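Each protein sequence line maps, in turn, to chains A and B.
In terms of my numbering, the first sequence opens at residue 1 and continues consecutively.
In terms of my numbering, the second sequence opens at residue 1 and continues consecutively.
Treat the hints with caution; some may be incorrect.
[Said to hold, decoys possible] Now the stretches of chain A that chain B is said to cover, found in silico as 3 or more residues with beta-carbon under 8 Å: (1) 86–96; (2) 191–199.
[Said to hold, decoys possible] Derived DSS-like pairs: lysine-lysine, alpha-carbon spacing no greater than 30 Å straight-line: (3) B:K184 with A:K114; (4) A:K129 with B:K2; (5) A:K104 with B:K171; (6) A:K104 with B:K265; (7) B:K171 with A:K171; (8) A:K75 with A:K182; (9) B:K184 with A:K70; (10) B:K190 with A:K129; (11) B:K171 with B:K91; (12) A:K8 with B:K184; (13) B:K168 with B:K91; (14) A:K114 with B:K171; (15) A:K75 with B:K219; (16) B:K190 with A:K114; (17) B:K171 with A:K70; (18) A:K70 with B:K168; (19) A:K21 with B:K171; (20) B:K190 with A:K70; (21) B:K171 with A:K8; (22) A:K179 with A:K104; (23) A:K104 with B:K168; (24) B:K265 with A:K75; (25) B:K91 with A:K104; (26) A:K129 with B:K168; (27) B:K91 with A:K129; (28) B:K168 with A:K75; (29) A:K168 with A:K179.
Bear in mind the hints are in silico, worked out from the structure with no lab data behind them.
Since this is a predicted model, take the numbers as computed values, not measurements.
Positions of the beta carbon are idealized from the N, C-alpha and C atoms, including for glycine.
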Amino acid sequence: MKKLIEFKNIVKGFDDTIVLKGINLTIFENEFVTLLGPSGCGKTTLLRILGGFIEQNNGQVFFDGIEISKLPPYKREINTVFQRYALFPHMNVYDNIAFGLRIKKTSEDIISQKVEKMLQLVGLVGFEKRAVTLLSGGQQQRVAIARALVNEPMVLLLDEPLGALDLKLRKEMQIELKKIQKEVGITFIYVTHDQEEALTMSDKIVVMNEGEIQQIGTPTDIYNEPENRFVADFIGESNILEGIMHDDYVVNFDGITFECVDYGFHDNEDVDIVVRPEDIDIVSVEQGKIKGEVISSLFKGVHFEVFVKSPQRLWMIHTTDPVVIGSQVGLFFYPEDIHVMSKLGAY
Amino acid sequence: MKLYRSFVQPYLFWMSILIVVPMLLIVFYAFTTSGNDIISFRFTLDNFLKFGEPIFLRVLLRSLSIALTTTVISIIIGYPVAYFIAQANEKNQTLLIMLVTIPMWINMLVRTYAWIGILSENGIINNIMTGLGLPTLNLMYTDFAVILGMVYNFLPFMILSIYTVLAKLDKALINASYDLGANKTQTFMKVVLPLSVPGIISGITLVFLPAVSTFVIPKFLGGGNYVLIGNLIETQFITVGEWNFGSAISMIMASVIMLSMFITKRFDQDLEERQSRKEVG
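With the rest of the complex left out, here is chain A (with noise of 0.2 Å):
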């Protein structure tokens, strides 16, 4: 895969604030790339110094090989979906979409197969003439994404562009993103505080707190190897304890030697530990590693909301059996559910 867009140790600050601390991050050619963190942790502003739209204090940004911190938004080769789609009220679904293309001087031919091209991509073929004041908000988000595709961008940025629909349409919408990105066959860089939308969509998440990254990797990577507390704590749901590397595959925590499958640690270095809630079984008290009282059980749907509670801690499973509450249980996990991570780089 081709390098596409490189942020070099990017500085920003607002007053007396950083908003962000030196940020590196390289985007290759038609990834679908996630920023994702909790507000405030600089993941727009990040976006919009790549729109242009704000300027670094310090550090570059080359986009194909080349420097743009300089560019204005409007010679960078990048279009935007914006948080509230800002659609242009005084102007109808065609108006809208045919905007770039009339900038740029198209012969109205040209942008009138453009414009049904995209409209038919997003599923909105005979909206041409409504007023985009009188579209649902799911219907504005497909102008918006037309609007900008249609002058067919090397990379679309889209700001929590799902932010105000309601959830089922949000998931419709998610897929619908995916499928867009695959059918355009771009870079699409996309920014939200929704875990469970950055773990559906994306090839790459980034994760960001505090204007620093993280960690970046692949949905599963994040998931399942957390490199630090704070992406355990933010994607999924996890029991996070603190514990003693002893060796390499031996883990201490809550008094108990477990055997895992981490190594190269230091020698009885204190580490983190996660188990997801769905990765722990209840079993019968002899067979438990770890021995407790049920206190709660909350049904969620698909799977009950478990807590118990053990000599040192409260521990929550995901589990598809109904358990009695207040009974004696065991916590059953294999040594591959326990993931370990060092403390450096923590918050």
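Let chain A serve as the given structure and place chain B on it in line with the hints.
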């Protein structure tokens, strides 16, 4: 709620005495001959027919054209000023808006008098001209002086109504336009200007209407022979004593104003409809 509503009643009473009754009297005078008293009066349309004479029609036409010129100049000056203010940071915006409104704190009569001091034969401008060895200019009692006075007096209304719209304009729309490849000029022509039309329209209403009916500015800066429709009405009532004809002219002017308001309102409504659809969607 009921209690508060009853507080309105004295106000309604005085409003009818001070506004409705005088207006009815104007209608009464306009349709009657002079020399009436309460018991014997004669209806007539002569007062309106009299206005059909070319000399009066020319006054009406002149008033409309002066007011139109004033409005156009106000847009040409007011729009860039409003745009500049809307671009400034928030603190400066407040300051600049105050600067625009400060002249309005002073009575219009006084402000107009001040222009006499600047424009007259021995005024500031001519003093400077003489000082530089240039011939003096005849500035007073010209169309120029009258239009200058009107633009000066009514410009703040234009600036404020355009500014209000520009300040509310969603910055994301401007960014979206840049993002789609439009440079600053294209963005202005295709996005900012069309979206600020409602502001321009309310500015036109606020400038054109007072400009068409003012009589103080033409009287001071245009001189005794400079007659606009406002002056004509004033003379009929105060100098000539022809209340009936004066009333008829007032009604004609009121109709012209209502017609022009109707036209601008229609134009504005078309736009508003589009805007309100946005809120529904």
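Going through the hints against the structure:
| no. | hint | result |
| --- | --- | --- |
| 1 | 86–96 | holds (count 5) |
| 2 | 191–199 | violated (count 0) |
| 3 | B:K184 with A:K114 | 25 Å, holds |
| 4 | A:K129 with B:K2 | 49 Å, violated |
| 5 | A:K104 with B:K171 | 22 Å, holds |
| 6 | A:K104 with B:K265 | 36 Å, violated |
| 7 | B:K171 with A:K171 | 29 Å, holds |
| 8 | A:K75 with A:K182 | 25 Å, holds |
| 9 | B:K184 with A:K70 | 16 Å, holds |
| 10 | B:K190 with A:K129 | 18 Å, holds |
| 11 | B:K171 with B:K91 | 18 Å, holds |
| 12 | A:K8 with B:K184 | 29 Å, holds |
| 13 | B:K168 with B:K91 | 16 Å, holds |
| 14 | A:K114 with B:K171 | 28 Å, holds |
| 15 | A:K75 with B:K219 | 56 Å, violated |
| 16 | B:K190 with A:K114 | 21 Å, holds |
| 17 | B:K171 with A:K70 | 21 Å, holds |
| 18 | A:K70 with B:K168 | 29 Å, holds |
| 19 | A:K21 with B:K171 | 27 Å, holds |
| 20 | B:K190 with A:K70 | 25 Å, holds |
| 21 | B:K171 with A:K8 | 28 Å, holds |
| 22 | A:K179 with A:K104 | 28 Å, holds |
| 23 | A:K104 with B:K168 | 29 Å, holds |
| 24 | B:K265 with A:K75 | 40 Å, violated |
| 25 | B:K91 with A:K104 | 38 Å, violated |
| 26 | A:K129 with B:K168 | 27 Å, holds |
| 27 | B:K91 with A:K129 | 42 Å, violated |
| 28 | B:K168 with A:K75 | 27 Å, holds |
| 29 | A:K168 with A:K179 | 17 Å, holds |
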